[in-house]
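Start from the sequences and build out the full structure, keeping to the hints where you can.
Protein chains: 2
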Amino acid sequence: MNSGRPERQLPVTERTRHRRLREQGSLDRDRLDAILEAGFVCHLGVEVEGTVMVVPTVYGTDGTTLYLHGSVAGRSMIASPAATVCVTVTHVDGLVLARSVFEHGVNYRSAMIFGTPRLVTDPDEKLAGLRCLTEQAAPGQWDYARRPHRKELAATALLALPLDEASVKIREGAPDDGAGPDAELGLWAGVLPLHTTWGEPDPDPLLPEGVEAPAHVTRRVGGPAN
Amino acid sequence: MNSGRPERQLPVTERTRHRRLREQGSLDRDRLDAILEAGFVCHLGVEVEGTVMVVPTVYGTDGTTLYLHGSVAGRSMIASPAATVCVTVTHVDGLVLARSVFEHGVNYRSAMIFGTPRLVTDPDEKLAGLRCLTEQAAPGQWDYARRPHRKELAATALLALPLDEASVKIREGAPDDGAGPDAELGLWAGVLPLHTTWGEPDPDPLLPEGVEAPAHVTRRVGGPAN
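Chains as they are written, first to last, in the numbering used here: chain A, 1 to 226; chain B, 1 to 226.
Do not rely on the hints blindly, as some may be mistaken.
What the hints assert, rightly or not - In silico DSSO-like cross-links for lysine-lysine, where the CA-CA straight-line distance does not exceed 30 Å:
hint, chain 1, residue 1, chain 2, residue 2
1, B, K169, A, K169
2, B, K169, A, K151
3, A, K169, B, K151
By construction, these hints were calculated from the structure, which means they are not laboratory data.
Shown next, in the form of structure tokens:
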């Protein structure tokens with residue numbers, strides 16, 4: 001960590017204790033925040049009618065709470081406030097190409113958050129949570145687009161999950177077999193990076209002529225998306 | 001579908017029946033295969049000691065089976081053969097920027113596979129599964145890198161999950177509010193695409209001078225990764 005302030009630590013629980021590959025586990029709270037801030041799609045794991053479901057969904061975070069939303073009719077939304085869930089956010093950064101197949105791997109940043117989500121019912125908190133969620137995926141759109149009216153708010157379920165119990169895993173850098181016996185094989189080894197970037201905005205074909213994409217959209221083009 | 005042959009259908013089960021947003025659900029088996037072939041990282045959902053865990057992990061597929069691997073000591077690996085799991089593969093293709101916040105969304109391709117994985121113990125099948133998994137992430141590396149020896153094979157748990165029960169969801173194209181009353185607002189709307197591409201290979205700093213990246217690695221540079 002390069003910052004001058006002391007590293008903020010995540011609490012260790014039975015669920016978040018790193019058991020294997022400890023060098024990849026991190027208890028640094030700033031790393032958790034950075035992983036969550038870098039994305040907008042998570043995988044929500046919840047048991048629904050006796051079956052584990054893993055559902056990709058959009059999220060937002062304000063640093064203390066993770067917000068998730070969905071239709072009030074969605075099965076994972078209905079089940080979640082009654083159950084412990086696991087929300088995982090993963091950024092894949094590259095392929096680790098080692099000398100041996102066994103040492104192949106992936107460079108990634110991943111966070112798992114455990115907890116029991118709370119269904120947000122207070123209208124002000126619901127609006128604030130939806131704003132957080134919208135702005136995380138699409139900064140500038142909350143002020144640009146038409147905000148939700150009452151009927152739309154009622155049709156949207158918003159879940160709030162505290163960031164109290166989380167586990168971070170990160171792998172970065174070169175393969176691990178560069179100093180071992182396999183280095184003698186003379187094979188190339190390294191990382192093939194994966195880049196996730198925003199492309200050129202693709203206008204809705206129904207858009208009237210002359211309506212230009214706003215600056216808060218176009219300024220993202222070519223930039224990293226995680 | 002553009003192919004001349006009839007569309008192959010996925011069976012509908014209680015778990016895979018699309019209940020909401022049916023226009024986004026697909027029962028086309030070819031679409032499942034295409035989603036699985038386009039990626040190499042999935043999210044494995046499994047209950048471990050009473051808690052749902054969602055673990056990012058590498059996979060491979062041969063069209064009938066999904067292979068997952070991990071350390072024989074990994075908690076999700078130990079738990080999986082005894083439990084029904086959900087494996088989800090998601091590709092995020094872009095942000096859907098609508099006239100109203102409510103209609104905002106994500107263009108994506110996602111597959112959920114349900115089943116009880118089988119722990120592969122037969123050495124030949126284990127090698128074939130690991131080859132499938134390696135070649136999916138890193139085509140060409142199985143023949144280029146040193147293959148696993150017996151001790152490494154013993155330390156690797158390989159799970160086989162049949163592709164019998166799966167659910168596909170896809171959203172593509174423009175926002176949905178271009179023909180509604182919000183079109184009168186005169187706001188820009190469209191899709192901000194997300195591109196995932198391979199970058200330039202980053203050689204291991206321990207590599208001796210003069211060892212060049214092989215063609216099966218360099219030919220991926222700049223190409224799409226999902």
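Here is what the structure says about each hint:
{"no.": "1", "hint": "K169(B) with K169(A)", "in the structure": "holds, 28 Å"}
{"no.": "2", "hint": "K169(B) with K151(A)", "in the structure": "holds, 26 Å"}
{"no.": "3", "hint": "K169(A) with K151(B)", "in the structure": "holds, 26 Å"}
Checked against the numbered hints listed earlier, the structure breaks none of them; every hint is satisfied.
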